[in-house]
Each structure stands twice: as C-alpha cells, then as structure tokens.
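Colleague: So for the sequence shown, the numbering used here puts the first residue at 1026; every next one is plus one.
In short, the hints are calculated from the structure, not lab data. Every value quoted in this text rests on a predicted model; they were computed, and no experiment measured them. Incorrect hints may have been included.
[What the hints assert, rightly or not] Below, in silico cross-link-like pairs of lysine-lysine (DSSO-like), each with a Cα-Cα straight-line distance of 27 Å or less: (1) LYS1354 x LYS1219; (2) LYS1307 x LYS1219; (3) LYS1354 x LYS1065.
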Amino acid sequence: MKVLVTGAAGFIGYHVCQRLLDRGDDVVGVDNVNDYYDPKLKEARLERLRSNRFRFERLDIADAEGMRRLFADAKPQRVLNLAAQAGVRYSLINPQAYVDANLQGFLNVLEGSRHNGVEHLVFASSSSVYGANTAQPFSEHHNVDHPVSLYAATKKANELMAHTYAALFKLPCTGLRFFTVYGPWGRPDMALFKFTRGILGDEPIDVYNYGNMIRDFTYVDDIAEGVVRVIDCVAQPEADWNGDAPDPARSFAPYRVFNIGNNEPVPLLDFIAALEEALGRKATMNLMPMQPGDVPSTMADVSELEDAVGFRPNTPVREGIARFVNWYKEYYGIA
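All chains, full assembly: derive it from the sequences and hints.
Modeller: What follows is the structure, encoded as structure tokens:
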C-alpha cells in the first residue's frame, strides 16, 4: 500500500515508518522537523528511513494549502496521523502550539483524507483523554469528558472531529490512545530520557508526586506493531449501536477507538530502579509535588485491541529499558 504518515521524523512515527517499509509498503513521510526538541535527533531518524520507497516532505500539517497539494499529489490509500504538539506540561506554557498542530493540523488531515478517497485514517490520541477518571483499567467504553490538560482536550477533540467525518462523509477513522510510550530513539523531553541523562551526569532527577506515580509503560515496538495492525483493520459501522445507550467505543459510523498499553502498570520508583540496574548506577532523586495537568495512575484495558487485531503489547519493562540504555549509549557514544 501507499501510506501517508504525518510526524514521520518523530519517535513513534519513525518506528512505524520502519515497520511499514520492512513489510514492503510505500511511505510518504511528513514532518516540519521543528525545534521542540533537538532536530538533529529527528534528522538522524529520517536518515535511517531513506530508501526508494520512502518519500519525505518537510511540511507543517497546519499549512492547509501545502497539505491540500500533498494529498492531491500523493494519493495515499491509508493515512496515519502522528504529527502533534506533544507534552502535557508544555501545554501550560504554549497553548497556541496545540491549537495549531493538534486542531488546525488535524482538520487539514481530515480534509485531505475526505477529498482524496483515503480508505482508512488512523490517528494518535492519548491516554491523557481519561483525565479525571479513576476507575481502572481505563476502558474505551468509559466516558472521557473530564480532561485535565489542554493537550488532553485537543486529543479528545481529535476523536470528536474524526467521528464527525466518519458520520458525515463515511471516512473510516480509528483513534489510538497511547499509554506512556518509551524505547530507543525516544523524545528527550520524556521521563526515561531525562532520567538516563541525569543519572549518567550525576545530577538529581525530578520525580513528581514524591514518586507515588503508576504508569502503564508501553515499549515502542509494541506500539508500532499495534499501529500497523490497526491500519490494516479498516473501521466499520456497528450495526446494533444504540443511540439511547451510546457506547463511546463504538458507533453507527465507521469509527473505532483503541487503547494501546502494556496492561502491566509499574510504580514509577520501580521503573527508576530498573533503569538504575541497566545503567549500573544509583539515582539521586529530587522528590517534587504533582504537576498541574498530571494524573497519579494509568492502566490500559487492551481487550478491544486484542479482539480486533489479535495483538496486545507484552514487552517487560526491564527488557525495554535495557534496550533503550543500549541505544542511548551507542547513539551518544558513551562507553
């Protein structure tokens, strides 16, 4: 197939593009390669993707005319939207960036897909949409109307926008709620990257909520496998969906939403202990209060994903952290 992947130079985008190329698909990668974090890391990912089946377009998805031309020229069969302004805490500082990329940009992706015969649009949502929910594991059948960050609100908005296009224009859409993704080629603003850099530099690491956090850490290769399987599983309407008792996980329209998480939540202090073991060094922790927009615990119910595509993430955290540490040392030339 020909697959258009936005955010192709990003952490998850790079891994998914590699998986698609490995199985023989043609990939059109889109990314603006901005400086939210070190662009050299993004360029290094892109360099590894270069092949005669990978076409790269340096383009901001918020550029409506540029996206219109790209869709008309590329004519992709499937679209994967991973481009977004990420990060909960940064949304407190620069909210406009989230409106531009996550709302305007996503609208341009929806319009391009609608007008160019795209067979299936798959897009990144986030576990952040569960917001103030406390009943765990988080399920797609739960209501998600109480976000606690602007980032989460934009991801919830993406789900609503996609459902509208599925209902009005019969555009098959599937949203993926990622749970705390980690692994090689990760983002420097994420916890594992920061912790590793701090421990190796003999600097204290900031640990929020005094370490009383639980996360459903999900290894990036598992995420990529789940994403590719979902791309192949085109969303279908649910014949017996009932508007009197609407199920948020289903629809009368060709629309679905799935959690992708490890379903094995890990206390943050255990996560740090596994990193200390992989590095052979102890961390000095700067224990801090909970940050605005954060939540104390996440856990994914992945039964819907498993039923639909026959896959559930299963990489143990210790194994995933060891792989990340090996990559980090190699990439930065650390003995």
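Colleague: LYS1307 and LYS1219 were given as a pair; does the straight-line alpha-carbon distance stay at or below 27 Å?
Modeller: Holds: LYS1307 and LYS1219 sit about 14 Å apart, inside 27 Å.
Colleague: Measure nothing beyond the straight line between the CA atoms of LYS1354 and LYS1219; if it is 27 Å or shorter, mark the hint as holding.
Modeller: Roughly 14 Å between the alpha carbons, so the hint for LYS1354 and LYS1219 holds.
Colleague: When you check the alpha-carbon spacing of LYS1354 and LYS1065, does it fall within 27 Å?
Modeller: Within the cut-off at roughly 16 Å; holds.
In terms of the numbered hints stated before, the structure departs from none.
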